[in-house]
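Novice: One letter stands for each residue in the lines below.
Number of protein chains: 2
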Amino acid sequence: MISDGARTYSISELSRMFEVTPRTIRFYEQEGLLEPQRRGQTRVYHDKDRVRLKLTLRGKRLGFSLAEIREVIELYDALPDGNARQLRRLLELLAEKRTNLQRQEEDIRLMRRELDDVEGRCREALEALPENTEG
Amino acid sequence: MISDGARTYSISELSRMFEVTPRTIRFYEQEGLLEPQRRGQTRVYHDKDRVRLKLTLRGKRLGFSLAEIREVIELYDALPDGNARQLRRLLELLAEKRTNLQRQEEDIRLMRRELDDVEGRCREALEALPENTEG
DNA sequence: CCCAGAGTTGACGTTAACGTAAATCGCCGA
DNA sequence: TCGGCGATTTACGTTAACGTCAACTCTGGG
Chain A
1 MISDGARTYS
11 ISELSRMFEV
21 TPRTIRFYEQ
31 EGLLEPQRRG
41 QTRVYHDKDR
51 VRLKLTLRGK
61 RLGFSLAEIR
71 EVIELYDALP
81 DGNARQLRRL
91 LELLAEKRTN
101 LQRQEEDIRL
111 MRRELDDVEG
121 RCREALEALP
131 ENTEG
Chain B
1 MISDGARTYS
11 ISELSRMFEV
21 TPRTIRFYEQ
31 EGLLEPQRRG
41 QTRVYHDKDR
51 VRLKLTLRGK
61 RLGFSLAEIR
71 EVIELYDALP
81 DGNARQLRRL
91 LELLAEKRTN
101 LQRQEEDIRL
111 MRRELDDVEG
121 RCREALEALP
131 ENTEG
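Note that the protein sequences, when read in sequence, are chains A and B.
Per UniProt numbering, the very first residue in the first sequence carries number 1; after that it's consecutive.
Per UniProt numbering, the very first residue in the second sequence carries number 1; after that it's consecutive.
It is worth saying that the hints were derived from the structure and are not from the lab.
Treat the hints with care, since some could be wrong.
Unchecked claim - The list that follows gives simulated cross-link-like pairs (lysine-lysine, BS3-like), each with its CA atoms no further than 27 Å apart:
1. K54/A <-> K60/B
2. K97/A <-> K48/B
3. K97/B <-> K48/A
4. K48/A <-> K97/A
5. K48/B <-> K60/A
Owing to the predicted nature of the structure, the values given are computational and were not obtained by experimental measurement.
Given only the sequences and the hints, what does the whole structure look like? Please build it.
Specialist: As structure tokens, this is what we get:
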């Protein structure tokens, strides 16, 4: 499955690429996040699926639920032909996500401050220890 | 409970402040994240608890598990008197969190790009619609 | 004194996101 | 032809993080 042009991937390949289990990948399909082709009963993944998987995992790391991610993906897929309601709904969703990201950035900023603070105190405490013999 | 100096809070007050249920607050206590005083059987929260709760919720928004958050809090609490092993462990933890935050920042950056992209296509699709009669 | 309202305890229920295990299938090389 | 490897299906199990209820208890007000 390494011939070029339109690469395809087996489930175990994808699994290794992203360090998730095949089970996880099948589960995402079941939840409507992936739609691999079949060759017999075996799943065949294309780049589109790989990208979707990447986006899904990124979304997860940012704390989005699979359901949220799926809604975006679905609307996106129906994009060039979607009706006005769908499109507006998508814009709404996007705005929500942006707000979310903004809050997270703020949270990260604050969290960094606290890490700095804690680390400072921690180093002070280490300095103050009598046994500074081991490096 | 509004006398100043050392303010205290009831569980429902905290609950309203942070928009979480009392159940959640009790659960966090059970998980070792809060240690309110008691007045009879009733919990009495001080500013320390309020701060801890705030940190906990922030951690949650950033995708940390309660267990992770607790470990940091515990080590932090034992701070000025902790032994060298504890202190080093805490520094390790802090470094981990930092790495984590960095990855999240990158994820946010990438996610923003995609939102921009999707929004662009979405607006194009809206423009292309025949019925642009409603604003 | 009595009760309404806030708080508590204990226990069981729920949801998301997978893990795990068993049975089956299909293909490929010795 | 057979054995093994990778993939699949089905189904039940698990974990975190609470929700939901029922049955108290306590406390201040009228």
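Novice: None of the hints should be skipped; say for each whether it holds.
Specialist: Comparing the hints with the structure gives:
1. K54/A <-> K60/B: 23 Å, holds
2. K97/A <-> K48/B: 32 Å, violated
3. K97/B <-> K48/A: 32 Å, violated
4. K48/A <-> K97/A: Cα-Cα ~22 Å, so holds.
5. K48/B <-> K60/A: 31 Å, violated
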